[in-house]
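Engineer: Going down the list, the sequences are from chains A and B. Taking this note's numbering, the leading residue of the first sequence gets 1, the next gets one more, and so forth. Taking this note's numbering, the leading residue of the second sequence gets 1001, the next gets one more, and so forth.
Derived from the structure by calculation, the hints contain no laboratory data. Note that the structure is a prediction, hence the values are computed from the model and not measured. Cβ coordinates follow ideal geometry from the N, Cα and C atoms, glycine included. Any given hint could turn out to be false.
[Unchecked claim] Label pairs and their calculated CB-CB ranges:
no.	chain 1	residue 1	chain 2	residue 2	range
1	A	L246	B	L1329	51 to 57 angstroms
2	A	G300	B	A1324	47 to 53 angstroms
3	B	D1174	A	R186	45 to 51 angstroms
4	A	G300	B	D1160	41 to 47 angstroms
5	B	E1081	A	A283	56 to 62 angstroms
6	B	G1261	A	Q50	42 to 48 angstroms
7	A	W397	B	D1331	52 to 58 angstroms
8	B	N1208	A	I293	34 to 40 angstroms
[Said to hold, decoys possible] One-sided and incomplete, this derived list gives chain B residues near chain A with beta-carbon spacing under 8 angstroms:
no.	residue
9	N1072
10	A1086
11	A1164
12	I1191
13	F1217
14	S1220
15	N1224
16	Y1228
17	L1236
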Amino acid sequence: MRSLQREPGLLLALLAVVSLVAIFIVYPQLRVIATPGSGYIAFLTGGTWQRALLNSLEVMALSTTSAVILGFIFAYAMVYTDMPWKPFFRLVGILPLLSPPFVVAAAYVILFGPRGVITYGIFGQTISVFGLGGIWGVQTIAFFPFAYQLIADVLSRSDARLEQAARNLGAGPWQVFRTVTLPLTRPGLGAAILTTAIYVLEDFGNPALIGGTFIVLPTQAYGLISGFGDLPGATAVSTLLLALALVLYLTKIRLDGGRSFVTVSGRASSMPRPPVPVKLKWACFAACLALSILILTVYGSLLVSALTLNFPTVMTPTLQHFQYITTGTNGTALQNTLMFGLAAAAISAAFALLAGWLVQRVAFTGARVLDFLLIMPAAIPGLFFGIGYATAFNEPWLDWLGRGYLIIIAMIFWNIPIGYQAAVAGLRQIDRTMDEAATSLGASSLRGFRDILLPMLSGSLRVGFVTTFVRAVTTLSVVIFLFTPGSTVATIRIYQLVNDLNFGGATAFTVADIAMAIGALVIVGLIARGRTALIGRAAAAQVALVPPLGDTAGRSPLAR
Amino acid sequence: MTPVLDRRTFLKGLGVVTVAAACGGAATPSPTATTAVATATAAPTAAPVTGTISVYSALNESTNNEFFKAFNVAYPNVKVEVLPLAAAGELQTRIRTEKASPKADIFIGGSSEFHDPLGKEGLLEAYVAPNAKDIDAKFKEATGLWTGWYTGIFGFISNDTRIAEVPKAPATWDDLLDPKWAGKLVLPSPITTGGGYIFMATQIFRFNKDEDKAIAFMKSLHANIAQYVPTSPGALTLIDQGQFVGCPNWAHDILTEKGKGNKVTLTIPSDTGFEVGAISIVKGTKNLPAAQALVNWSITKEAGDLNVKLSNRGSTRADVAPAAGAPKLTDVKLVAYDRQWATDNKDRLIAKWRTAVGL
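Sequences and hints are given; from them, build the entire structure.
Structural biologist: Shown next, in the form of structure tokens:
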């Protein structure tokens, strides 16, 4: 154990991390929570939140269930069967994670609305995507990839030897699945369900565009701000949302912690899994194909829209939308998106690594509190993270700090949980004796961290970097109250163009934004050489905020 | 990754951002490049106005670009930085959250309902512009907290190919209660859009401020409504595409959609309401002369004519002719719209409506 008293450098590093967390995570959120003040009573007695709360819980239950079922089928097919086209399915399964909000939901309306290109144009049906049914369907597709990534991660860690043993003892495939696979993966599944539920709970874009008269908590909060200018009411809704998300999150962490006994070793065994029946394999293939076609249709329509004059009425091919988004303010927005994303991702990943090391390897009072604070942003809706910054840091004496920097700082700390979880997972795989050898040879622990651990943690760093980058370039809610004319970004422009009825421009921006995210994944993946593995891991980290590096032995200090 | 490399990327990242921020500032076209052709009405009499102003604008993108370009012709030395968000409520919220250190000099566009509360909270700078003498008293705040510079009339958009599914485009708002409209009607959300609220307030004035009758109407209408759309323009898209048959919305925006070649028709039901689009100066502005110049310029005949051309809206100036095909305030049957009452009772009425329809 290191002693803080003996190492002033370590003490300084710890103080730096603690004060940055206090200033950029705790303080802005306290400002948000304190905003309503006595307004909480008015809010609670007003009662308009009850309907939104019930709606939120209802849609959360429905969408989470269907997304997890689809995700499970997808994951099972990918992990257990030897069906063809797996790389293709893997790619399609990531696509919905990389896309900015709003435009995708608009594409659903064009394709599946009462006069949708597909529903009415091809099938002559006038089903409505608006309302609960629509939200349910769209959220299922939007969030199944989250469930898929998480469950695939869990399934791939279940020990094939146990399943082989059961089969050798005469159990049928279904019996093995029911009595071996499912019990082994149950805690992981629970965590996957709860994580997906948090994402569904906080989804704003889909309910806003196709919710119809069905109001959920995030759309209610937005409505209070946008229509009433009722910031106290909106922040009260946000506090309610935060409380719900925290309950889910803490439950999830408990389940994650319980995962340690699931498998004997953290490494996937080299033994092949028992073969699944041929019929089941092709059924899985058909299901994955159908889902992939649906996803490709939606994203394909975005690409078509970006390349045609006025989709879906005027289908003349054109490059004018791409010319439009690369010139003037739009060009600046694209440039900003890239720069802000890169800066935020680099700093966030590095800072998270340092924080992860301090919490994991340095003994100090309050380590568990710091651990909790570092994962808390994962439960804060982006809109209120942004409002917290707008309220807390809009002081005259801070005006020298350009808004671009504030946006970067907001992106850094909103995404801290990802890099942090990746760092914690990475550290748990490295035996303490490695860096202790360095310190017993006389090196300071900071030097041990720098020279011994850091080189071994490059994987965690990369996962943190790439995932933070993807989230930073696709978030609208964090920046909407922070951007200024000079510091506008792609997602803001997409939102403005959708409002301005320039769907062509909006989809071109969306395509460029998705391309940027894919580019980051590919480039960092190439650097890491283990391409697909990293992409999968980064995606899993993005969705899961769980240890993404095959950690099975450790637990979060919260669950200890 | 070695620690050295890591530090280097870190610093490089920072440097790149610094450069980007610097470039961002310089990238906007230099105002000196435009030729100075100041018209008689717009010409400043005092010392030349210079510097930068930050404008929070709820206007359409195309209107923003042309409008501020024309302002720059009159005032070539003022650099206008526009923050466009076609959602006045969000701009209003931003101005509130930024009150400790305001980032906006001007709040332009959006009906006066969004400006008036900010004035009451002491967040706006009063300014009675010289040109305001040409504006009727009902279009401006008496002490100059906000000035009305355009008008919009609430109309009804219907999709030409689907209108046969319903009896007819509404001649009165009560026509929309016909059960044949069920599921074929959308309305901009009264919660998130100025238009949606003005529609609801219009009903109250139609029933001579009998709130219960008006809320009962809104409740019956609720049965026919498929979607309360979060933005007014978003509702127009749905009618353009024929997803739904009709929607109460702004006449000028409906004309613009028609002008793009969409098969839609504008009708103005009797007893309709209207908005007064406002401009105001945010208290704490760092460039008061330029902000005042923009307010004064926006109510010139020149600016009025330009805005009519760009957006099909009306002008608060009597000497600006309306756009072709656009209704005139004097030609349509309007309710006695008590703007101050509607503004002051907004929160209460929306809460009442929400309770009635269960949203």
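Engineer: Looking back at the hints listed earlier, which ones does the structure fail to meet?
Structural biologist: Of the numbered hints given earlier, those the structure breaks are 2, 3, 4, 8, 9, 11, 13, 14, 15, listed in rising order.
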